[in-house]
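Protein chains in written order, with our numbering: chain A, 163 to 437; chain B, 1096 to 1299.
Treat the hints with care, as some may be off.
What the hints assert, rightly or not - Under the rule of at most 27 angstroms between Cα atoms (straight-line distance), these lysine-lysine pairs were calculated in the BS3-like manner:
#, chain 1, residue 1, chain 2, residue 2
1, B, Lys1229, B, Lys1271
2, B, Lys1098, A, Lys275
3, B, Lys1191, A, Lys223
4, A, Lys188, B, Lys1229
5, A, Lys354, B, Lys1104
6, B, Lys1122, B, Lys1191
7, B, Lys1191, A, Lys183
8, B, Lys1191, A, Lys354
9, A, Lys354, B, Lys1098
10, A, Lys372, A, Lys424
11, B, Lys1271, A, Lys183
Unchecked claim - Just a few of them, taken from the derived set where beta-carbon distance is under 7 angstroms, the chain A residues facing chain B:
#, residue
12, Met184
13, Gly185
14, Pro190
15, Leu194
16, Ala197
17, Leu201
18, Asp202
19, Leu203
20, Leu283
21, Pro285
22, Ala386
23, Thr387
24, Arg388
These are calculated hints, taken from the structure and not from any lab test.
The beta carbon of each residue, even a glycine, is placed where N, CA and C say it ideally should be.
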Amino acid sequence: MKNLPPDLFGETPSLLRELGKMGREKAPRTLLPGALRTLDLGDFYFGWNSPLGPVFVAYNKKGISAVMLARSGGAFERSFRRRFSRPVYPEVGLLQKGWRDEGQWASPGAKKKIPFDLGSLSPFEQAVLRKTLEIPSGEVRPYGWIAREIGRPKAVRAVGTVLAKNPIPILIPCHRVIRSNGQIGNYALGGKEKKIEILAAEGVDVAGLKEMADSKTRYYGSDATRIFCFPTCRHARRISAPHKVFFSSEREALEAGYRPCKICRPLIAARTMAS
Amino acid sequence: MEKAQRARKDWDLSLALSGNVDGNFEKLIRTFQDRLYSFSLRLTNNRADAEEIVQEGFVRAFRALKAYPPQRVEGIDLNPWLYRIVLNVFRTRVRKAQSRLFSFGDSSLTSGKAEEAAAGPNPEEVAEGGEIRKQLEQAVASLPERYRVPLVLRYVENIAYSEIKDILKQPEGTVKSNVHRGVQLLRENFSMMNRRKNHEESAS
């Protein structure tokens, strides 16, 4: 050990300089997330074993704020910050908890009740995403249906853009929105194959959709009830083969004396398509 | 110059807070956490305690900001206000610790573990040239609180007397003479510690 001169601080200025250096302490990295956590502020994340494989889920006190694919927690934190211009922190003890299954963070079958934080989005974007949430599992709707249902029938393209940027894919089921002509369309979270995969897992007859697209069938009707539906509507699926009739447009169905289903409301989308 | 800029930024932040506490509080933490932590560290001389105190300080600040009307939030001079909150959290803890039956020195707060951590320099923590620093930290920690707090605010935190008097709610003259006395005591303590150390070393 070095020998210290006994009067090292005999001169006050050097003593004060040494004191000043103590002011350069950096707060521990745990301080900020800890305080935010106590105050119920800020976003935190965990890993989820989703139907499409491991994804990261971020949430804050308003609800779930993002679902993203990422190579690592660090990569997720960077993309989140880039997208939302605010940081996200790992949950305390994230590593110990590991990847979670849905049952470990959401009560089963309660997807509609999961609160979402859509606060950073425009009213139009929020309307599109809230409407998307209404599409039941196992069914699909065209982009034009969303546009019409939210009172913006001409904004079909804009609906597509909003869904392509859906901050909370899987949980807000943008994969259940397909092209008006019955084609599956694109999917930001892993491409068309992933979209087909998740729809099939939900019980959608994807091959059947393609067949209909090729034969230009847009609606199913029942000659017993004289009602027509989107092909994946739960009421359309109940129509037995001998009573099933096919329509390629809403006009064709109306002219045949059929009325639109009140559950899947195909008329609205049909009008959109005509415009 | 730099100081004026900082004051301006603090004012912008209190303005932003008056409009939206939730949305701007993280920025407040980012802005002030380093200063408040180094202050708290000199009050406690223990890292875990220092972090806890600052964290509790931020929680108190948040609740206060939520409770105040916007005009009042806008008028807060954040820097002295936050230092004062941290100081109050520290004092409350010391009082609580003292009211328990154990005897505590002025410099350590909570458990025996904390005292241990404060006393013995951890060999891994002592970097090259860290010996002097460690001793000086000890010397600061051993000062009575009435000298230590103003001295730390003035020379560790580099705050002007005109602001310290607001943090401590004392007349400026009192602050100055306590700082002066603190420096004197510190020099005495420090050279005494050094002499003892050198004596031990030459004896061994």
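Quick rundown of the hints versus the structure:
1. As the CA atoms of Lys1229 (chain B) and Lys1271 (chain B) are separated by approximately 26 angstroms, the hinted pair is consistent with the 27 angstroms bound.
2. Taking the CA atoms of Lys1098 (chain B) and Lys275 (chain A), the gap is about 50 angstroms. The hint is violated against a cut of 27 angstroms.
3. Annotation: proposed proximity of Lys1191 (chain B) to Lys223 (chain A) is violated, straight-line Cα distance about 33 angstroms (limit 27 angstroms).
4. Proposed proximity of Lys188 (chain A) and Lys1229 (chain B) is supported: the alpha carbons are some 17 angstroms apart, at most 27 angstroms.
5. Between Lys354 (chain A) and Lys1104 (chain B) the CA atoms are separated by roughly 48 angstroms; this puts the pair beyond 27 angstroms, and the hint is violated.
6. A distance of roughly 31 angstroms separates the Cα atoms of Lys1122 (chain B) and Lys1191 (chain B); the hinted pair therefore is violated under the 27 angstroms criterion.
7. For the suggested pair Lys1191 (chain B) and Lys183 (chain A), the alpha carbons sit about 31 angstroms apart, so the restraint of at most 27 angstroms is broken.
8. Proposed proximity of Lys1191 (chain B) and Lys354 (chain A) is contradicted: the alpha carbons are some 63 angstroms apart, above 27 angstroms.
9. About 56 angstroms separates the Cα atoms of Lys354 (chain A) and Lys1098 (chain B), which puts this hinted pair outside 27 angstroms; it is violated.
10. Simply put, Lys372 (chain A) and Lys424 (chain A) have alpha-carbon atoms about 25 angstroms apart, close enough for the 27 angstroms limit, and the pair holds.
11. Taken as a hint, the Lys1271 (chain B) and Lys183 (chain A) pair is honoured in the structure, with Cα atoms around 21 angstroms apart against an allowance of 27 angstroms.
12. Interface hint status for Met184 (chain A): upheld, as the beta-carbon distance to the closest one in chain B is roughly 5 angstroms, under 7 angstroms.
13. Checking Gly185 (chain A) against chain B by beta carbon gives a least distance of about 5 angstroms; that is within 7 angstroms, so the hint holds.
14. With its C-beta approaching chain B no nearer than about 5 angstroms, Pro190 (chain A) sits inside the 7 angstroms limit, and its interface hint holds.
15. For Leu194 (chain A), the shortest C-beta to C-beta distance to chain B is roughly 5 angstroms, which falls under 7 angstroms, so the interface hint holds.
16. For Ala197 (chain A), the interface hint holds, the least distance from its beta-carbon to any beta-carbon of chain B being 4 angstroms, beneath 7 angstroms.
17. For Leu201 (chain A), the interface hint holds, the least distance from its beta-carbon to any beta-carbon of chain B being 5 angstroms, beneath 7 angstroms.
18. Checking Asp202 (chain A) against chain B: minimum C-beta separation of about 9 angstroms lies over 7 angstroms; hint violated.
19. Annotation: Leu203 (chain A) was flagged as interfacial toward chain B, and the flag holds, the nearest CB pair being 6 angstroms apart, inside 7 angstroms.
20. For Leu283 (chain A), the interface hint is violated, the least distance from its beta-carbon to any beta-carbon of chain B being 16 angstroms, above 7 angstroms.
21. With a cut of 7 angstroms, the hint placing Pro285 (chain A) at the interface with chain B is violated, because the nearest CB-to-CB distance is about 19 angstroms.
22. Proximity of Ala386 (chain A) to chain B is violated relative to the hint, the smallest CB-CB distance being about 56 angstroms (cut-off 7 angstroms).
23. Checking Thr387 (chain A) against chain B: minimum C-beta separation of about 52 angstroms lies over 7 angstroms; hint violated.
24. For Arg388 (chain A), the interface hint is violated, the least distance from its beta-carbon to any beta-carbon of chain B being 54 angstroms, above 7 angstroms.
Violated hints, listed in ascending order, are 2, 3, 5, 6, 7, 8, 9, 18, 20, 21, 22, 23, 24; each of the other numbered hints is respected by the structure.
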